[in-house]
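Asker: Top to bottom, those sequences are chains A and B.
Residue numbers for the first sequence follow my numbering, beginning at 1 and rising by one.
Residue numbers for the second sequence follow my numbering, beginning at 1 and rising by one.
You may find that some hints are simply not true.
Here are the simulated DSS-like pairs of lysine-lysine, each with C-alpha atoms no more than 27 Å apart in a straight line [to be verified]:
1. A:K156 / A:K73
2. A:K101 / B:K4
3. B:K4 / A:K198
4. A:K198 / A:K98
5. A:K156 / A:K98
6. A:K73 / A:K196
7. B:K68 / A:K101
8. B:K94 / B:K253
9. B:K253 / A:K73
10. A:K196 / B:K68
11. B:K68 / A:K98
12. A:K73 / A:K198
Don't read these hints as lab results, they were simulated from the structure.
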Amino acid sequence: MNNRQKKNIQPTALWTAPSIVMLLCLTVIPLLMLLVFSFMNHNIFAGQPWPGWTFDNITRMVQSDTFWRLLGKSLLIAGVVTLICILAAYPAAWAIAKVVKPQNRSIFMMVVILPFFTSQLLLIYAMMNLLQSGGLLLTMLEALGIQAETLLYTNKATVLVLTYEYLPYMILCLYSSLEGIGDNLIQASLTLGASKWKTFTNIVFPMSVPGLLSGILLVFVPVAGSFMEPGLVGGANGAMVGSMIDTQYSGSLNMGYGAALSCTLLIVLSIIMGLTRLATARAQRSIGGDME
Amino acid sequence: MKSKGFNAVMLACLWVVLAFMYIPIIAIIGMSFNATPYGMFPYVFTTDWYETLFTTSNLLPACWYSLKFAFAVTLAAVVIGTMTAFGLQAYAPKWANRFHFVLQLPIIIPWLVTGISLLLLFSFLGSGRSVLSMFLGNLIVVLPYVVLLVNGRFLSMDRTPEAAARLLGARPARVFFDITLPAIAPGVLAGGIMAMIMCFNNFVVQYYLIPIGVQTLPTLVFTRIRSGYQADLNALSAIIVLVSVVVVILLSKLGFSAGGLFGMSSGTQSKKGE
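Let's have the full structure, built from the sequences with the hints guiding it.
Answerer: Structure, rendered in structure tokens:
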């Protein structure tokens with residue numbers, strides 16, 4: 001049966017061969033290597049021919065207080081950033097999808113995605129300039145007679161900068177869901193006597209759940225794995241788990257240990273992503289049920 | 001619609017969010033014309049920083065290098081991506097879903113993990129940090145976006161003219177270049193622009209794979225912003241923001257919908273729901 005299927009699809013489907021090879025060689029195999037190298041003791045950068053097998057990296061990781069503390073901190077920061085993004089993006093996406101005139105929607109969406117097309121580093125730099133002592137924000141506050149300390153080089157600055165970077169993703173995802181809710185559906189609910197709050201909880205919110213969850217995925221995962229933001233604006237106590245993994249490669253060249261740390265991070269994130277997918281499926285089913 | 005008051009509050013929230021997003025960018029543009037370093041006041045208009053940028057600054061050579069590099073990656077990504085999207089149309093739905101799952105891995109996995117896993121691979125193969133490693137690393141990061149954009153175009157286009165041409169005896173190559181390619185051109189172009197932008201801006205993968213002695217713009221900017229205020233970087237930022245405006249307008253003219261790209265899971269699922 002497999003053979004027949006192959007015969008049916010062969011000529012055109014062969015065009016995907018180059019990217020299948022690339023995805024295998026540059027994504028799947030490196031990920032497997034990450035797993036394999038977690039159990040190897042020598043450093044490949046030092047030119048040793050074939051590293052031996054060991055569980056040292058794993059035991060060291062399990063016993064490392066720093067790693068678990070930083071992993072927890074990263075997940076916490078990712079959670080806080082995601083939450084702020086949802087709270088800020090929901091009203092904004094609603095305004096673009098439902099309040100703004102339909103012919104202006106695409107202009108607003110262009111304005112929202114513009115920062116995504118400038119580099120993340122420039123966004124970080126712009127925020128750093130705004131926050132730094134002597135920068136615009138503090139000068140303005142001083143002019144108003146408010147004495148304030150600069151946020152820069154604290155964990156709060158990391159949260160602020162990450163929120164700044166990832167907010168557009170959340171708006172995009174929520175917008176594409178909210179836009180799909182028909183005005184007549186909301187109208188019907190209100191006309192049939194449902195309160196505004198009930199209309200929101202029973203119609204608007206359930207129908208926005210898919211966009212909300214893909215937004216959570218697109219914000220939570222990269223934020224949990226970020227390392228340049230804490231390095232640039234987080235200050236001395238800013239390190240996140242990404243910074244620790246980065247140090248194993250750019251600093252101390254501790255390849256096997258770094259591989260073990262990234263594998264654990266990836267597994268933890270996959271579990272969170274899997275749960276998110278599950279929640280999407282469930283939400284989708286419950287909407288389908290309500291509509292029938 | 002809901003009441004006027006509620007909508008007014010939502011609209012106000014939108015403006016607050018936009019202000020949050022744009023004040024830092026506008027401040028940078030303002031500072032790029034300001035002779036007073038660090039702060040904003042007293043504001044003295046000057047174009048000196050632009051002169052520095054175009055004469056003595058090391059940002060410009062790095063910028064050119066990044067442009068050339070991103071163009072090479074884009075070219076490869078567009079060719080391979082278009083081929084892939086074309087071939088994908090012949091997949092059975094089950095296999096297309098499996099393919100999409102693997103295709104989305106480079107998007108979903110944090111760039112940090114992508115970067116170090118590729119560094120491991122290339123060190124193992126012996127090439128280590130090199131321009132070729134960096135090229136392949138960036139290619140795999142941008143390829144999925146090209147495939148998704150071109151694939152979207154395939155899904156929305158009418159396939160009957162191709163069948164008609166085949167029936168009338170046109171050879172497969174002729175059908176592809178005369179009929180298929182013009183029809184998917186907007187998607188290919190949008191994918192190319194997307195790949196170019198992502199590759200030009202991608203810091204993390206370049207940071208791990210860049211050979212010693214080569215500087216791309218993101219790696220140079222990273223080392224420089226560690227030391228704070230950079231007058232010529234303000235000027236360059238202003239130019240990049242301006243270019244981004246043009247790019248975004250261009251993309252919207254091509255019928256590119258960002259929601260379709262990033263809300264992709266929600267997009268496909270809501271179709272199923274309907």
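Asker: Below or equal to 27 Å on CA atoms is what counts here, so check A:K196 against B:K68.
Answerer: This hinted pair is violated, its Cα atoms lying about 55 Å apart.
Asker: For the pair we were handed, A:K198 and A:K98, check the Cα-Cα distance against 27 Å.
Answerer: Distance ~18 Å between A:K198 and A:K98 Cα, so the pair holds.
Asker: Are A:K73 and A:K198 close enough, with their CA atoms no more than 27 Å apart?
Answerer: Answer violated: A:K73 to A:K198 is near 36 Å, above 27 Å.
Asker: Given the proposed pairing of B:K4 with A:K198, does the C-alpha separation stay at or below 27 Å?
Answerer: holds, 18 Å
Asker: B:K94 and B:K253 were given as a pair; does the straight-line alpha-carbon distance stay at or below 27 Å?
Answerer: violated, 33 Å
Asker: Against the 27 Å threshold, does the CA-CA distance of B:K68 and A:K101 hold or violate the hint?
Answerer: Given pair B:K68, A:K101 is violated - Cα atoms ~41 Å apart, limit 27 Å.
Asker: Does the structure keep A:K101 and B:K4 at a Cα separation of 27 Å or less?
Answerer: With a Cα-Cα distance of about 14 Å, the restraint between A:K101 and B:K4 holds, given a limit of 27 Å.
Asker: Does A:K73 pair with A:K196 here, judged by a C-alpha cut-off of 27 Å?
Answerer: Outside the cut-off at roughly 38 Å; violated.
Asker: If you draw a straight line from the CA of A:K156 to the CA of A:K73, is it 27 Å or shorter?
Answerer: holds, 12 Å
Asker: Is B:K253 close enough to A:K73, meaning Cα to Cα at most 27 Å?
Answerer: Between B:K253 and A:K73 the Cα gap is close to 43 Å, so the pair fails against 27 Å, i.e. violated.
Asker: Holds or violated: are the alpha carbons of B:K68 and A:K98 at most 27 Å from each other?
Answerer: violated, 42 Å
Asker: Taken at face value, is the distance from the CA of A:K98 to the CA of A:K156 at most 27 Å?
Answerer: Since the Cα atoms of A:K156 and A:K98 sit roughly 33 Å apart, the hinted pair is violated (cutoff 27 Å).
Going through the hint list in order, the structure does not satisfy hints 5, 6, 7, 8, 9, 10, 11 and 12.
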